[in-house]
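Same order as they appear, the protein sequences are chains U and L. Following the working numbering, the numbering of the first sequence begins with 1 at its first residue and continues without gaps. Following the working numbering, the numbering of the second sequence begins with 1 at its first residue and continues without gaps.
Source of the hints: derived by calculation from the structure; they are not laboratory data. Possibly wrong hints are sitting among the right ones.
EDC-like cross-link-like pairs, simulated, lysine to aspartate or glutamate; straight-line CA separation at most 16 Å [claimed, not checked]: (1) L:K128 / U:E139; (2) L:K94 / L:D118; (3) L:K137 / U:E147; (4) L:K59 / L:E71; (5) L:K59 / U:E26; (6) L:K94 / L:D43; (7) L:K112 / U:E147; (8) L:K128 / U:D140; (9) L:K122 / U:D140.
Quick caveat, the model's predicted, so the values are computed rather than measured.
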Amino acid sequence: MNAETQLKVQALVDGELPPNEAAQVEALLAGDAGARQLAASLKATRDALRDNEPPLAVPESREFYWSKIAREIERLEAQNAQPVPTPWLRWARRWLLPVGGVAVLAGLLAMLSASRTPALSANSSRMMPGTISFYLQDEDVTIVWIETGVNSGFTDASPDGSVAVE
Amino acid sequence: MSTSCGSLKVCLCLALALLGIGSSVRAEDVKVEATLVWGTNEDPGKFKDLKPVNPELGKRLQYFKWKHYLEINRKTVALQQGKENTIQISKECKLILTYQGNSMFRVQLFGKGERVSDRIQKITLGEKPAVFGGDDKNDTAWFIFVTRLPVK
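For reference, chain U alone in the conformation it holds in the complex:
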């Protein structure tokens, strides 16, 4: 007996089958001992539940019972409801907060872009007089030559060629 047949037997016991299908299942029960046993077991269970379930009586009437539930729901809804904002507060929430948020974002983006954008373009040089730059292709390097004159003090070279090191 497959699961579908078992469900049909259960539906028959519960009285849920239309007459033509109920007749088919009853015919099946007549020829199938396993199906008959299942039907008997289900009927016994149903009867045991029906006959032995203790009655539960609500102490109040049905209407009063449901009105208590309705009042509790209303009380909780009133508790969770927020006070109605004043017109000014409503206006501020509607306009000032989004506009303020956008202004903050714009400011942050401006700060970020300013910090990333160099003041001058790549490999640019503020035109210092006497400064030339040349590119060494083989070495892939640019050398900036500064015509500072021999008294620039970069090496602190003395006239006799010796170098004063710090």
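Keeping the supplied structure of chain U fixed, place chain L upon it in accordance with the hints.
Here is chain L on its own, set in the frame of chain U:
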């Protein structure tokens, strides 16, 4: 009301996220090394205190007329993005380095208190240094290499 509160939350979240991004960008630190080199045709044996320049830097000077390139001074400095850092490379000369992000550096050179160069240059890790040079006394020359070092 719930819509405006929702938009406020979205704005705050975006602002916080951008603040996070911004702080992480600004937190980028780099390390550079400035090397002062002297080019001369004189016998390097006369200058016992000076050692020959690093071959990696020296090969970039092979096109110049000087026979010997000696290292005078070398200083390493950690740079924070957007902050100026001064390197006193010799008694009267200094560099002011500013890291601008994306491997871009502003390099300002000062000799005897006068700014002689102000340049924005890309300096990548282990590749291209910034090289500056000029004539010096007795037909010699000075060079400054600004090289990027890995941050440990």
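Now the hints, each set against the structure:
1. L:K128 / U:E139: holds, 9 Å
2. L:K94 / L:D118: Since the Cα atoms of K94 (chain L) and D118 (chain L) sit roughly 12 Å apart, the hinted pair holds (cutoff 16 Å).
3. L:K137 / U:E147: holds, 13 Å
4. L:K59 / L:E71: holds, 14 Å
5. L:K59 / U:E26: Not satisfied, since the Cα-Cα distance of roughly 103 Å exceeds 16 Å.
6. L:K94 / L:D43: Answer violated: K94 (chain L) to D43 (chain L) is near 27 Å, above 16 Å.
7. L:K112 / U:E147: It holds: about 14 Å lies between the C-alpha atoms, which stays within 16 Å.
8. L:K128 / U:D140: Answer holds: K128 (chain L) to D140 (chain U) is near 7 Å, not above 16 Å.
9. L:K122 / U:D140: Cα-Cα ~12 Å, so holds.
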